[in-house]
Each structure stands twice: as C-alpha cells, then as structure tokens.
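> Each chain, written out:
Number of protein chains: 2
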Amino acid sequence: MEFSSKLLENAVNEMSQLPGIGKRTALRLVLHMLRQPENQTFQLANALTKVRAEINFCKSCHNISDTVLCEICSNPKRNSELICVVEDIRDVMAVENTSSFKGLYHVLGGKISPMDGIGPQDLNITTLVEKVKTGEVKELIFAMSPTMEGDTTNFYIFRQIQDYNVATSTIARGVAAGNELEYTDEITLGRSIIDRVPFEASLKS
Amino acid sequence: MEFSSKLLENAVNEMSQLPGIGKRTALRLVLHMLRQPENQTFQLANALTKVRAEINFCKSCHNISDTVLCEICSNPKRNSELICVVEDIRDVMAVENTSSFKGLYHVLGGKISPMDGIGPQDLNITTLVEKVKTGEVKELIFAMSPTMEGDTTNFYIFRQIQDYNVATSTIARGVAAGNELEYTDEITLGRSIIDRVPFEASLKS
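In the order they appear, the protein sequences are chains Z and P. For reference, each letter of the first sequence is one residue, going 1 to 205 in the UniProt record's numbering. For reference, each letter of the second sequence is one residue, going 1 to 205 in the UniProt record's numbering.
Hint data in this document are derived by calculation from the structure and do not stem from the laboratory. Treat each hint with caution, since some may be false.
Okay, the calculated bits of chain Z under chain P, using three or more residues with CB under 8 Å as the criterion [said to hold, decoys possible]:
1. 47-54
2. 61-71
No more than 30 Å apart at the CA atoms, straight line, and that leaves these computed lysine-lysine pairs for DSSO-like [claimed, not checked]:
3. P:Lys133 x Z:Lys138
4. Z:Lys6 x P:Lys131
5. Z:Lys59 x P:Lys6
6. Z:Lys6 x P:Lys6
7. P:Lys6 x Z:Lys77
8. Z:Lys59 x P:Lys50
9. Z:Lys102 x P:Lys6
10. P:Lys6 x Z:Lys131
11. P:Lys59 x P:Lys133
12. P:Lys59 x P:Lys6
13. P:Lys23 x Z:Lys50
14. P:Lys131 x Z:Lys23
15. Z:Lys6 x P:Lys77
16. P:Lys23 x Z:Lys102
17. Z:Lys102 x Z:Lys204
18. Z:Lys102 x Z:Lys138
19. Z:Lys23 x P:Lys102
20. Z:Lys50 x P:Lys50
21. P:Lys59 x Z:Lys23
22. Z:Lys6 x P:Lys59
Cβ atoms here follow ideal geometry from the backbone N, Cα and C, with glycine treated the same way.
All chains should be modelled from the sequences, with the hints used to inform the complete structure.
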C-alpha cells in the first residue's frame with residue numbers, strides 16, 4: 001500500500017498491529033477519524049494511553065480494577081468460600097451478567113497452551129494455590145472454556161490442590177438454551193445425557 | 001456491559017465509537033493492548049493524535065499530503081491536462097496501484113447523497129470547476145463507484161462544466177478479470193456488450 005502521507009502511513013501501521021485489523025480496515029478507521037471532530041480522536045488516544053499506563057489488577061483475584069482490591073473481592077456480601085476460576089476478565093463479566101454466582105473469582109490470565117508458548121508459570125496459578133492452602137476456600141468452580149487447553153488447565157490446577165481439603169467442580173456442559181437438539185454436537189449431547197438432572201430441579205431457574 | 005474499572009470502560013467506549021467496532025470487539029482490542037508492552041499502545045495513541053492534529057490536504061487535488069502540494073500534483077512528469085475525479089483518497093491509492101494513469105487526481109471527499117445529508121457544497125466541486133475554467137484541463141475522467149450516488153455526483157459535475165471546452169469520460173463498466181460470465185449481473189453484462197472494444201485493442205494490456 002502506497003501512502004501519500006507519512007503521518008497517515010504511520011497511523012495505519014500502528015492501527016493494523018491490533019488483532020483482526022488489517023491494513024485496509026486500519027485505513028478505513030483512520031480516514032473515519034479524519035472526518036470526525038479532532039476531539040474524538042484525542043479522547044480515544046487519551047483513553048488508551050490512560051488505561052495502559054494506569055491499569056491495575058486486583059491483588060486477590062487479578063481482575064482489572066481501579067482499586068487495590070476489586071469491588072467483588074471487597075464486597076462483604078460475597079461468599080469468599082466459593083471461588084470461580086476463569087480465564088480472563090471477559091469471563092468474569094459473562095458470569096456476573098448471569099447473576100447466578102455470589103462467590104469470588106480468580107482470573108488466571110490465560111490458559112495453558114504449549115502451542116502458543118503459554119505454560120503454567122505464565123498464569124496466576126500460584127496465588128490460587130496459596131488461597132486454597134489457607135483452608136478458607138471450600139470449593140473451586142472451574143469455569144474455563146470447554147476446549148483442550150481449558151481442560152488441560154483445569155487438570156493442572158486440580159493436581160496442585162488435590163491434597164488440600166477443597167471441593168472442585170466444573171460448570172455443566174450441555175445443550176444451550178434455545179438450541180435445536182439435532183444440531184448439537186455428539187460430545188455435548190452425550191455429556192448432557194450422562195449429566196442429566198432431576199426434572200424437578202430443572203424447573204427451578 | 002458492566003466493567004470492573006472506569007479506565008477500561010472509558011477506553012472501550014471511545015474505541016467502540018469507530019465504525020464497525022462494537023463494545024465486544026472494543027473490549028477484545030483493549031484487553032489485547034493490556035497484554036502487549038506499554039509502548040505499543042503509546043505509539044498507537046501518538047500516531048492517531050499526530051495524524052489528526054497535523055493532517056494536511058493538497059491544496060490542488062485535496063489528497064492527504066504532508067506537503068502543501070502533494071507528490072503527484074508536484075511531479076512534472078504527470079500529465080496535468082488529464083484529471084481523474086475520485087471520491088476519496090483510497091480511490092487514488094487504488095488507481096495509482098494499477099500504474100495505468102499518468103494524469104492528476106481531484107479528490108471530492110465524498111459523493112452527493114441526500115440520504116446522508118451530503119450535498120454538492122460539502123464536496124470539493126468548486127475547486128474542480130475552477131480548474132476547468134482555466135482551460136488547462138483537456139479531459140476529466142469520472143472514476144466514482146458505479147452506484148446511484150456516484151452517478152448523481154458525476155452528472156452534477158458534468159452540468160457545471162459542460163459549457164467549457166473539456167472532454168469528459170467515465171471509467172469502463174464491464175466484466176471483471178477472472179469473473180464468471182454467468183454470475184455477472186445483467187446491467188454490467190449488458191453494458192459490457194454495448195461498450196464492446198475491438199478484439200485487437202483488448203490484447204494490448
């Protein structure tokens with residue numbers, strides 16, 4: 001791509017470093033900014049600089065937080081005996097949206113993936129094991145995505161904490177609400193039969 | 001979407017102002033930045049601020065340029081009697097990529113589109129008409145997208161300059177290289193038959 005301006009070329013190159021944004025999309029976005037009031041671009045640039053420079057992670061659960069301890073960890077109404085282990089902060093937001101969970105979270109910051117060069121030492125596993133060691137945690141809920149990497153991560157953590165007195169569970173796998181049975185993959189459908197629940201229990205939610 | 005951090009929320013909100021970027025994508029992009037070295041985000045923010053604050057348009061053709069007169073307009077080897085009229089700077093890049101055009105450009109900055117509230121006065125049409133009035137331009141090539149708005153814009157400009165001694169043409173519409181005939185729409189295919197070219201001429205490029 002030949003640019004008529006170095007400034008433009010530079011902005012497009014930086015923009016296209018972002019995942020899923022190629023040169024063409026980057027050019028489209030930058031040209032859009034040039035058509036909008038200056039302030040809009042300055043505010044975007046400021047917000048990005050600020051979030052990157054000042055970002056802070058909760059020292060207990062590693063969720064993104066503006067305070068030392070995040071709102072969830074510092075909420076006395078949450079059940080600190082129950083910890084939901086998730087991959088990243090988007091999963092915290094997803095589970096919080098369900099309003100079905102009143103315990104705390106632990107954000108690993110990724111999943112074990114040798115293909116991507118991510119090992120257990122790159123994740124927040126040590127602090128999780130430390131929490132379990134204190135004996136204050138009664139149950140860990142593994143809420144990783146049901147992929148090979150997710151399962152590997154669950155299993156790795158399970159091995160680290162199995163000698164301590166803590167219950168472990170994983171979120172249920174099954175047919176999603178509104179999904180057609182005939183289009184559900186066989187692993188999920190099979191799992192949903194093995195893990196069937198009493199009909200009366202299914203009426204509760 | 002509930003955020004655990006105001007800084008994060010602010011960055012995601014600003015990012016999702018961009019066209020085609022929703023809240024989820026914005027969050028994905030911002031989280032990606034948080035995982036990368038700080039410098040990458042700072043460079044992006046700088047590049048955006050700089051391009052928006054210092055952007056300059058060629059005073060002759062209105063292409064984006066770091067100099068008063070862009071590289072194309074100031075190149076003595078280009079034919080200044082031939083002007084290719086395009087919608088925006090991406091079209092200049094597209095035509096330049098073909099290496100088939102040695103004249104100059106005129107960037108309108110959009111197309112007449114009453115639905116979007118864009119009228120002739122919002123486009124760089126006056127300066128184009130001025131150029132034609134000087135008598136130095138021999139031919140205008142309309143290279144707008146073949147849409148209703150593009151055609152309207154072409155026709156509006158044509159009416160402004162028809163009394164002056166200048167030839168006008170539009171880029172050919174026809175079957176694209178590599179396209180199957182049976183999947184070509186009938187307007188294009190019909191046009192390509194009416195505008196057929198001598199076979200020998202078609203061998204040239």
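> Tell me, in ascending order, the numbers of any earlier hints that this structure violates.
3, 6, 8, 12, 14
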